[in-house]
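4 protein chains.
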Amino acid sequence: MLEKLKARVCEANLELKRSGLVILTWGNVSGIDRAEGLVAIKPSGVDYDEMRPVHMVIVDLEGKVVEGDLRPSSDTPTHLVLYREFQGIGGVAHTHSTHATAWAQACRGLPCYGTTHADYFRGDVPVTARLGRKELQGDYERETGLAIVKAFRKLNPHERPAVLVANHGAFTWGPSPEAAVENSIVLEQVAEMAAITERLSLDLWGQPLVAVADSALVDKHFLRKHGKDAYYGQG
Amino acid sequence: MLEKLKARVCEANLELKRSGLVILTWGNVSGIDRAEGLVAIKPSGVDYDEMRPVHMVIVDLEGKVVEGDLRPSSDTPTHLVLYREFQGIGGVAHTHSTHATAWAQACRGLPCYGTTHADYFRGDVPVTARLGRKELQGDYERETGLAIVKAFRKLNPHERPAVLVANHGAFTWGPSPEAAVENSIVLEQVAEMAAITERLSLDLWGQPLVAVADSALVDKHFLRKHGKDAYYGQG
Amino acid sequence: MLEKLKARVCEANLELKRSGLVILTWGNVSGIDRAEGLVAIKPSGVDYDEMRPVHMVIVDLEGKVVEGDLRPSSDTPTHLVLYREFQGIGGVAHTHSTHATAWAQACRGLPCYGTTHADYFRGDVPVTARLGRKELQGDYERETGLAIVKAFRKLNPHERPAVLVANHGAFTWGPSPEAAVENSIVLEQVAEMAAITERLSLDLWGQPLVAVADSALVDKHFLRKHGKDAYYGQG
Amino acid sequence: MLEKLKARVCEANLELKRSGLVILTWGNVSGIDRAEGLVAIKPSGVDYDEMRPVHMVIVDLEGKVVEGDLRPSSDTPTHLVLYREFQGIGGVAHTHSTHATAWAQACRGLPCYGTTHADYFRGDVPVTARLGRKELQGDYERETGLAIVKAFRKLNPHERPAVLVANHGAFTWGPSPEAAVENSIVLEQVAEMAAITERLSLDLWGQPLVAVADSALVDKHFLRKHGKDAYYGQG
Numbered sequence: 000m001l002e003k004l005k006a007r008v009c010e011a012n013l014e015l016k017r018s019g020l021v022i023l024t025w026g027n028v029s030g031i032d033r034a035e036g037l038v039a040i041k042p043s044g045v046d047y048d049e050m051r052p053v054h055m056v057i058v059d060l061e062g063k064v065v066e067g068d069l070r071p072s073s074d075t076p077t078h079l080v081l082y083r084e085f086q087g088i089g090g091v092a093h094t095h096s097t098h099a100t101a102w103a104q105a106c107r108g109l110p111c112y113g114t115t116h117a118d119y120f121r122g123d124v125p126v127t128a129r130l131g132r133k134e135l136q137g138d139y140e141r142e143t144g145l146a147i148v149k150a151f152r153k154l155n156p157h158e159r160p161a162v163l164v165a166n167h168g169a170f171t172w173g174p175s176p177e178a179a180v181e182n183s184i185v186l187e188q189v190a191e192m193a194a195i196t197e198r199l200s201l202d203l204w205g206q207p208l209v210a211v212a213d214s215a216l217v218d219k220h221f222l223r224k225h226g227k228d229a230y231y232g233q234g
Numbered sequence: 000m001l002e003k004l005k006a007r008v009c010e011a012n013l014e015l016k017r018s019g020l021v022i023l024t025w026g027n028v029s030g031i032d033r034a035e036g037l038v039a040i041k042p043s044g045v046d047y048d049e050m051r052p053v054h055m056v057i058v059d060l061e062g063k064v065v066e067g068d069l070r071p072s073s074d075t076p077t078h079l080v081l082y083r084e085f086q087g088i089g090g091v092a093h094t095h096s097t098h099a100t101a102w103a104q105a106c107r108g109l110p111c112y113g114t115t116h117a118d119y120f121r122g123d124v125p126v127t128a129r130l131g132r133k134e135l136q137g138d139y140e141r142e143t144g145l146a147i148v149k150a151f152r153k154l155n156p157h158e159r160p161a162v163l164v165a166n167h168g169a170f171t172w173g174p175s176p177e178a179a180v181e182n183s184i185v186l187e188q189v190a191e192m193a194a195i196t197e198r199l200s201l202d203l204w205g206q207p208l209v210a211v212a213d214s215a216l217v218d219k220h221f222l223r224k225h226g227k228d229a230y231y232g233q234g
Numbered sequence: 000m001l002e003k004l005k006a007r008v009c010e011a012n013l014e015l016k017r018s019g020l021v022i023l024t025w026g027n028v029s030g031i032d033r034a035e036g037l038v039a040i041k042p043s044g045v046d047y048d049e050m051r052p053v054h055m056v057i058v059d060l061e062g063k064v065v066e067g068d069l070r071p072s073s074d075t076p077t078h079l080v081l082y083r084e085f086q087g088i089g090g091v092a093h094t095h096s097t098h099a100t101a102w103a104q105a106c107r108g109l110p111c112y113g114t115t116h117a118d119y120f121r122g123d124v125p126v127t128a129r130l131g132r133k134e135l136q137g138d139y140e141r142e143t144g145l146a147i148v149k150a151f152r153k154l155n156p157h158e159r160p161a162v163l164v165a166n167h168g169a170f171t172w173g174p175s176p177e178a179a180v181e182n183s184i185v186l187e188q189v190a191e192m193a194a195i196t197e198r199l200s201l202d203l204w205g206q207p208l209v210a211v212a213d214s215a216l217v218d219k220h221f222l223r224k225h226g227k228d229a230y231y232g233q234g
Numbered sequence: 000m001l002e003k004l005k006a007r008v009c010e011a012n013l014e015l016k017r018s019g020l021v022i023l024t025w026g027n028v029s030g031i032d033r034a035e036g037l038v039a040i041k042p043s044g045v046d047y048d049e050m051r052p053v054h055m056v057i058v059d060l061e062g063k064v065v066e067g068d069l070r071p072s073s074d075t076p077t078h079l080v081l082y083r084e085f086q087g088i089g090g091v092a093h094t095h096s097t098h099a100t101a102w103a104q105a106c107r108g109l110p111c112y113g114t115t116h117a118d119y120f121r122g123d124v125p126v127t128a129r130l131g132r133k134e135l136q137g138d139y140e141r142e143t144g145l146a147i148v149k150a151f152r153k154l155n156p157h158e159r160p161a162v163l164v165a166n167h168g169a170f171t172w173g174p175s176p177e178a179a180v181e182n183s184i185v186l187e188q189v190a191e192m193a194a195i196t197e198r199l200s201l202d203l204w205g206q207p208l209v210a211v212a213d214s215a216l217v218d219k220h221f222l223r224k225h226g227k228d229a230y231y232g233q234g
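Protein chains in written order, with numbering that gives the first Met the number 0: chain A, 0 to 234; chain B, 0 to 234; chain C, 0 to 234; chain D, 0 to 234.
No lab work stands behind these hints: they were computed from the structure. Do not take every clue at face value.
As the list claims (entries may be wrong) - Simulated restraints on C-beta separations: (1) Lys153(B) / Gln206(A): 50 to 56 Å; (2) Gly137(A) / Val53(B): 53 to 59 Å; (3) His225(D) / His157(C): 46 to 52 Å; (4) Tyr230(D) / Gly137(A): 55 to 61 Å.
Unchecked claim - Using 20 Å as the maximum straight-line C-alpha spacing, the simulated DMTMM-like pairs for lysine to aspartate or glutamate come out as follows: (5) Lys219(D) / Glu14(B); (6) Lys219(A) / Asp48(C); (7) Lys224(B) / Asp138(A); (8) Lys224(D) / Glu14(B); (9) Lys219(C) / Glu142(D); (10) Lys63(A) / Glu14(A); (11) Lys133(D) / Asp228(C); (12) Lys63(D) / Glu84(D); (13) Lys16(A) / Glu14(B); (14) Lys16(A) / Asp48(C); (15) Lys224(D) / Asp46(B); (16) Lys16(C) / Asp138(A); (17) Lys224(B) / Glu140(A); (18) Lys227(A) / Asp138(C).
Just so it is clear, the structure is predicted and the values come from calculations on it, not from any experiment. All residues carry an ideal CB built from backbone N, CA and C; glycine is no exception.
Construct the entire structure; sequences and hints are all you get.
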């Protein structure tokens, strides 16, 4: 069932591991078959060394396991909210990568300080609100998804395919599982750069003095790569 | 004698080396056979490249060498205090990993800023008091163990399987030598994240402004992984 | 056509990747045949794993593609300005390496804090002015080149073969493509060192207290390696 | 001539490269045959990939080349001052490793914040004075050596086998070339830890609040490893 999708999702998980973004069994990637309404996702707590396409778990959009002997990632309900709410995304990745998580722990969105960021994210990457007690003690992983959707109320998830979950870590997405992983790699990179940038430019009160990049520069870079007149790559 | 334990302890030491947490001959891991009351531990100052199970030293809980041609790790008395005082732990690891040691050198416990930390440690990781002159000039390595036990007077060592020894480095433990090493890996990771988190959020006086994670979030993550109703992993 | 140059430019791009300065398809290196007035440059958005000399694109100094099936790097017009304006340079490299980009994002030139820097760059590495709206919406990549040239109005590009482009990243150059890559490697290294140096020496207002290196020390190191009486290396 | 020493010095240089402390052709290691009064040292500016024992250059203590077709490291006169002045040392290493150099660029000695440091260096690692114009324009590399010796006027170089040269980098030494390299590795490690330690503990004026380690702790660790009653390692 969905052999091709399972193979791609497995490989995307392994790519996430190879990129150095995750250690131990942390992190997970999923992909969706929109026609079937089915999602393939990494099983929970399985060693990357032993992970094979056959281990991927197939769930429907309500979270019911349709195929697979293993328990799906405990973060599955978060992925499913994103697939239901963000039309057109084809893959989701979750990491606790070092610098992205540090911004999430500081409960700060990631400012767009330059073109490296703007090539992938058209403006700040938002941070969710902290979850309240009711949400923490309720359907926690689903509430995490809802908090993400809330953070995007006024934002286009296709133009900013990433979010920082307060006190937690990062979720990224894209048209495919591979694109979701690429966005995780870029998010970690720009999160590190932004942290260093702020330290290089403090005002007399120890607050970051640096201004975010001009929105015209941000648009220029995002659109030369992703707009209808994009001219980056061999497209 | 205890061939299986020696093999596991040797492999756990090599895993510590492969994880990048230790350089040169630094670091050591031990494991205990509770039925026999015997501990297998890395020999002192031996190259990881040449380390074999046969080099592991067997000591009893008073520190008497029961088997082995080499001198046991100079930190052996610290390990033994932990085995005697923390019932049910099966392995202990010691590192000078970069960020954990930096917190230890700053004589600060590690605040719990997010779920990466809470997945393994249910709240702050404590720091010991600095040793006094009498303890430094007495049975130093044993005194180090006693200082650790003191730091846990009001804490459950199974819920926070790690400690920072002031001006020194980290000790971690767990149900097995492998778990102790895993906790060392996670401790270094969250120690790095916490240091970056604080720098991203300074108040006007240059002090960290960031709040620790909500205890309900900490409990949620610790218990979904370790509690009796845990649903992380393949259970 | 220009087979030798294409092979060298391809290898220089691969060296840039191996050095760890670029991830994904980021970064690009070019080289010029001054006699022919032709430039070989990396194609846009092609995987490093599959890159071969035959993929290099040959353009003239006005940017017209003379040979090659692929689209040249989108940064080609920036490279061409540098070849036209900086007589005698033979190669150009562009990266978004972590620390160099952080300085660029902070819109700060890189101060010369020591001999590591002075061995390659005779004084501060300048930062360009931020581009205005007109330049961003015009011939953007060419304007980037013009901003670099403007930053060198009073500086000798052979003595400081590097620049930070505000809110963007780094360009380096040299007598050959290989030298341009070497300068990118060194720029990242000294950008990291300088960031740490400043943090180790803050005044009571949180501003960097550290003084730049004595110009006599800078001259000594630059000239013992690059001057006519150079005595570093095997001459 | 001195084949064994040349092989060891070559291998120590390669070990320095493998340790990640040096990039490109930076760094150099030498070793001395005290009976012959001859020093083997790395040639200047030669690729590590192609370096063989036969390339090592033999010089006498006045710097006269006694054997070798290549020019010796440009830092040779600094090494020779150390061999002449620090009786009993058998090897010297020089690096621009990232964190050690940052402290050198900040013109700060490295405070001893913990036992990782004290296991190798019995107290702060000193920084030299900045060289004056006369020294910079005179016999520069020899003057660098003299500045190091001056920094040790009241210190024992066997108890602190390392120094930071202001605005430059690090020199380390030891009873052998291998020990000198090991001390370079440790110096970089503790230089990084100390930088992080300070950032974790700032007072209200942004100055490091952390106290150096108790001298009794420093002595305990240095002597359990290096004193006459040392009990670390296999003795």
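Okay, the hints, checked on the actual structure:
| no. | hint | verdict |
| --- | --- | --- |
| 1 | Lys153(B) / Gln206(A): 50 to 56 Å | violated (37 Å) |
| 2 | Gly137(A) / Val53(B): 53 to 59 Å | holds (54 Å) |
| 3 | His225(D) / His157(C): 46 to 52 Å | holds (50 Å) |
| 4 | Tyr230(D) / Gly137(A): 55 to 61 Å | holds (57 Å) |
| 5 | Lys219(D) / Glu14(B) | violated (29 Å) |
| 6 | Lys219(A) / Asp48(C) | violated (28 Å) |
| 7 | Lys224(B) / Asp138(A) | holds (16 Å) |
| 8 | Lys224(D) / Glu14(B) | violated (25 Å) |
| 9 | Lys219(C) / Glu142(D) | holds (13 Å) |
| 10 | Lys63(A) / Glu14(A) | violated (27 Å) |
| 11 | Lys133(D) / Asp228(C) | holds (19 Å) |
| 12 | Lys63(D) / Glu84(D) | holds (18 Å) |
| 13 | Lys16(A) / Glu14(B) | holds (17 Å) |
| 14 | Lys16(A) / Asp48(C) | holds (19 Å) |
| 15 | Lys224(D) / Asp46(B) | holds (16 Å) |
| 16 | Lys16(C) / Asp138(A) | violated (44 Å) |
| 17 | Lys224(B) / Glu140(A) | holds (14 Å) |
| 18 | Lys227(A) / Asp138(C) | holds (18 Å) |
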